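**Q** Chains as they are written, first to last, in my numbering: chain A, 5 to 546; chain B, 9 to 383; chain C, 167 to 583.
If you're looking for bench data, these hints aren't it; they were derived computationally from the structure. There could be a bad hint or two in this list.
[What the hints assert, rightly or not] Quick partial rundown of chain B residues pointing at chain C, CB under 7 Å, derived from the structure:
| no. | residue |
| --- | --- |
| 1 | Ser-60 |
| 2 | Tyr-62 |
| 3 | Pro-345 |
| 4 | Leu-349 |
[Said to hold, decoys possible] Per label pair, the in silico range of CB-to-CB distance:
| no. | chain 1 | residue 1 | chain 2 | residue 2 | range |
| --- | --- | --- | --- | --- | --- |
| 5 | C | Thr-482 | B | Trp-227 | 49 to 59 Å |
| 6 | B | Pro-219 | A | Thr-336 | 42 to 52 Å |
| 7 | B | Pro-364 | C | Thr-482 | 45 to 55 Å |
[What the hints assert, rightly or not] Reference listing, derived: stretches of chain C covered by chain B, where coverage requires no fewer than 3 residues with Cβ under 8 Å from a Cβ of chain B:
| no. | stretch |
| --- | --- |
| 8 | 245–255 |
| 9 | 340–352 |
Note that this is a predicted model, so its numbers are computed, not measured. Every residue, glycine too, gets a C-beta built ideally from N, C-alpha and C.
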Amino acid sequence: MRIAAIAHFLRRFLLGWLLAVPLLSAPAPAAGVDPALLAPLAGDDTDAKLRAIAALGQLPDPGAAAVLQALGNDRLYATADGRVLVGDGARAIDPATGAAADLPADAGAIGINNRLRRAIEAALAGSRLYSADARERLAAARRLQQAGDPARLPMLEKALAVEKHDEVRGALEIAVANLELKSADPAVRRHAVELLGRTGNPAFRSTLAALAQQADGPQAEPDAEVREAAAQALRQIDRHLATIEWAGNLFYGISLGSVLLLAALGLAITFGLMGVINMAHGELLMIGAYVTYVAQTLFRAWLPGWMDWYVLAALPLAFVVTALVGMALERTVIRWLYGRPLETLLATWGISLMLMQGVRTLFGAQNVEVGNPSWMSGGITVLDGLVLTYNRLVIIGFALFVVFLVWALLNHTRLGLFVRAITQNRRMADCVGVPTGRVDMLAFGLGSGIAGLAGVALSQLGNVGPDLGRAYIVDSFMVVVLGGVGQLAGTVIAALGLGGVNKFLEPYAGAVMAKITILALIVLFVQKRPQGLFAPRGRSVE
Amino acid sequence: MKQTALTDLHLLARRPLYSGRAWAALAAAAAVLALLPLLNLAFPPGHALHVSAYAVALLGKFMCYAMAALALDLVWGYAGILSLGHGLFFALGGYAHGMYLMRAIGRDGVYQSDLPDFMVFLDWKAYPWYWSFTEHFWYAMLLVVLVPGLLAFVFGYFAFRSRIKGVYFSIITQALTFAAMLLFFRNDTGFGGNNGFTDFKRILGFDITAPGTRAALYWITLAALAGALVLARAVTQSKLGRVLTAVRDSESRLRFIGYDPLGFKLFVWTLSAVLCGVAGALYVPQVGIINPSEMSTETSIEMVIWVATGGRGTLVGPIIGAGAVNGLKTWFTSVLPEFWLYALGLIFVLVTLFLPTGIVGLARRLAVRFQERKA
Amino acid sequence: MKRRLALKQLTAVSLLAMSGWMPQVHAAGDTIKVGILHSLSGTMAISETSLKDVALMAIEEINANGGVLGKKLEPVVVDPASNWPLFAEKSRQLLSQDKVAVVFGCWTSVSRKSVLPVFKELNGLLFYPVQYEGEELEKNVFYTGAAPNQQAIPAVEYLMSEDGGGAKRFVLLGTDYVYPRTTNKILRAFLHSKGVKDSDIDEVYTPFGHSDYQTIVANIKKFATGGKTAVVSTINGDSNVPFYKELGNAGLKATDVPVVAFSVGEEELRGVDTKPLVGHLAAWNYFESIKNPVNQDFIKKWKAYAQAKNLPNANTVVTNDPMEATYIGIHMWKQAVEQAKSTEVDKVIASMGGQKFDAPDGYTIEMDKTNHHLHKPVYIGEIRADGQFNVVWKSKGPIRAQPWSPYIPGNESKQGL
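Next comes chain A alone, as it looks inside the complex:
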């Protein structure tokens, strides 16, 4: 039995090995690309370059694709004697022969502009249609949906004939349909129009709109049925566009709300606990963002391979640093002003000025660069047109996670119990033995630490500069005032509500009027409910 199993295993292993060998010993790059095709790339004539790029795209030779890719990445060099080399650091490959060559010192990188980039993408897409990876084929097919050149039709139809993957087939059919719009046969055109309409993809709107017009010069569509079908398709697309817009606004509102939530959560905790409005809260956000910058710098210097994860390392670091700053603030300034909230407001404002200038002295007045890690760049396309950016998705998730953490802390730990007790009735809590001084300090540290975490999130969204805090301070206050300090839910609802209302107003009234309207609404709301949505219950002091 065992011997049979071993033999079976050996057989499969050998089979695999034998099959892999051809792949492992992949042939050296095939006989090189024709130098005559490469020569125009080194020259100055843009039209000749475009022709060369298109021609290279038609070649099945992987060397040609390599040349195009290098050109797109600024790694194609032209030597003084007219040769073209694919560079890779100090070494280079001569695409004409496929052999390695030296990169002369006087070789200059061939510069490209957007027009050439577009041509390169289109050319590469053509060759990628035959790639082994289904995802690449899908991306290529999607790219070619935008192509307008009917000459590509035979190539697309050829690819369609051999394509087995369903999704790629669908994409290719759409690309074919797009080109069939120029066909002579009205029935073919109508079929193409219907297909495009069903996709609901707004990218086809302009071509379909042109078709739906009356006799309109070179775009005129003679066949009435086709025009009718085009109008129908347009309506479908417009309906889809409206859905996308609505869903988009919802997403933007939630994402803005999550940012507000993160920014205001720390403030809500300290305000609820001690009645202290901490005007330096914005600067704690800023410190969190700068800690992220420092983490990025350290990772770049010591752990470049782990660059993608510097954000995760920055989180605990930011929490600890800002918590320490907050606790220092509490010990040195705020505790002496206990019971005088207005003076605390002023003193913390002074601290905020000093913190801002301190950061300017340390890091310079200019903004610093904080890049998104790759798993937070880009977005996911849903509904065929709405892009949900990864960084905002991550931040929404992160905000919910932080809320959960705070809830758990407040409701399931001893510190949280003390915090809630002090919020409800400080004197009584003191009487029953809650160490109010220490809890004050720890709670302030907690609130500041959360601000630090928020700062990490904010660094991924916008600028990191000394003025970062100023931009969020008024909004944080609005959330706290609106939500009240009785419960965590108040802050959450207020933040999401403000974000949502802002984003739904913005398309109609513009960014500024939306903001002003919201501020006015808050002022009016507070007249009705001065303590906010969730007022603290119990016999709280005024």
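Keeping the supplied structure of chain A fixed, place chains B and C upon it in accordance with the hints.
**A** Only chains B and C this time, still in chain A's reference frame:
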């Protein structure tokens, strides 16, 4: 005993505004200040007694700030209402006067049009309705008083009626001034957007940059400041002032006694806004520009620190505080520009921690100790 | 202890307050005072701090070569803190207290407009180094930055060309203040003259410090479905960063919808991750990546200066257009003073016209004889992944400025001074 207390109260309500010595000191200070433009006009530059035009303009500006600080002290020092948005009233007064000054440019602007330059580059063809009549000086002065006053009245009515107090009220005033700043930054609002109003040429027919006009504006500002001080003193020394102090100290108790604080708070709040508006109106021709950043939250909070540094609840204190802090700012931003914000922040912190009664409070304490030593 | 501390405070505060308006006595030495009026704190510090440093570097260089008219230059640096009334106050201080011979300063149009009355009243001299909206020509100011016809119009022409993408629809996106408003007005008139209809132009304004561009980017996408679209961005300074981030993440590549910005230079790109921005454009009269000996020298001097003076982030400093304009301005002023043999403002103004200087942008730049503006070359560059620009188009030579744009009605009668 109760009889005496009542008559005492009655007598106290009629006490004089200032003691004889205080009047003398104030008059002396006013005389010195009034002398300076004369020194500027009378003596040529280079003379030992000459006061530069720069100094005159600077002091004029400081006096406007002092008046705004005084107005803020009325509500904060005496009624306990901390407003973080008084810059709004200051700026509104400034804008109201600015509208007249923009009209007075006439056709001497860059585009030689009847409309101000910023309306020309926005392609507007006529003044919007809210600019009507602003070519008349008296109307502009009316707006200087009415606009901040009306806004303060309406806002104050609703806010005080809902009994919004303390920190919440301060935050709301901050929201108000922030929203107004955003509104005025919009070019479409018709107030010049970020450029604001600038490039003034004339006021009431006089060239606005002439030394004589500058001196006149200075003296008017000085008179206004003095008048505001006397008015504020009268209010705080009257029975009304007593109620306000009660509001500051314990509003609930006051309510239980039977007073409705709404009317009193509203009165002093509106008066303060009007004074601030007048200060802003005097500020604009001396500085030559008004722009929405005067409505920013930073500016309003800085006003609070002037009052705190000088001594809240003293009326004279804020004037001194405004002069001191702004003088410091002028000096720092010339000599040690990188350290100005540290200094300002430190002032905030140290004043709230160690100088709760401000400079005037400190001086009083020292004077009392000096008296005790002598006795 | 408290009392002593308070006493010390009181004394210090009153002393300092008094010193604020005491006339300052300066030793009338063998120096010529030069005022530098740039914000070193506040929102504009991000852009203006480097201009102060370049000005100081140029002054050091001139002093090392013997100064001007045998005297050394003494810089007087003040901080107007991004506060417009403070700009007016500081300029008055520089002119009447410190008695400077010339002022190099300002960035925003508001700051320039707020100091203008002071310069006119006291007959001062201001060199303004930033690209702006034009519509101004003052005897006391020399404009070393670009006017719209030296930046905005060539950029839009490029976008309409084949190389630039053949754009048919335009989104004019700007921050809400005078520079974008006026520039967009000029561009709209220009586009009309090229046959672009109003329905193909979308003008959008955002407030200062706006950071949430999701809705705007979504609208650009929607607008782009109507035809080949390009975005002309007059967003102010660092507000461009969240815009670019959103653009990159939403997948709008430069090959789909190219964005040309007029306020984004090497300095602004230092603070942003440039990978998603590759291919987007900027239009200036100078780029750090221009290759010529004068520019190499300029960059080397600047980097050495930054290291020597320990400026923050000294090893990643860059040069940009306003810095180059400051540098040109200072040297041209020196030449004019030497030609006039005096620092008297009227004489210097008279001899400024026609001054020539070998600038880092590769040309011999000339100050126009009548309109107080420089003749400047136009470069259009694409953002590279390393934060520098790839020059994709340049004008045939320096272009004469038209401060009164012919595209604004009523400007036909205005010429030079």
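**Q** Give a verdict on every hint.
**A** Against the structure, the hints come out as follows:
A cut of 7 Å between beta carbons decides the hint on B:Ser-60: the least distance to chain C is about 6 Å, and the hint holds. Because the smallest distance between the Cβ of B:Tyr-62 and any Cβ of chain C comes to about 5 Å, under 7 Å, the interface hint for this residue holds. Given the 7 Å rule on beta carbons, the hint for B:Pro-345 holds: about 3 Å separates it from the nearest Cβ of chain C. The closest approach between the C-beta of B:Leu-349 and any C-beta of chain C is roughly 6 Å, which is under the 7 Å cut-off, so the hint is satisfied.
Between C:Thr-482 and B:Trp-227 the beta carbons are some 54 Å apart, a value that agrees with the proposed interval 49 to 59 Å. Judged by the Cβ atoms, the range 42 to 52 Å given for B:Pro-219 and A:Thr-336 holds: they are separated by roughly 50 Å. Checking the proposed 45 to 55 Å range against B:Pro-364 and C:Thr-482 shows it holds: the Cβ atoms sit about 46 Å from each other. Given as covered by chain B, the stretch 245–255 of chain C passes the check, having 9 residues with a CB less than 8 Å from a CB of that chain where 3 are the minimum.
Chain B is given as covering the stretch 340–352 of chain C, and this holds because 6 residues of the stretch bring a CB closer than 8 Å to a CB of that chain, at least three being needed.
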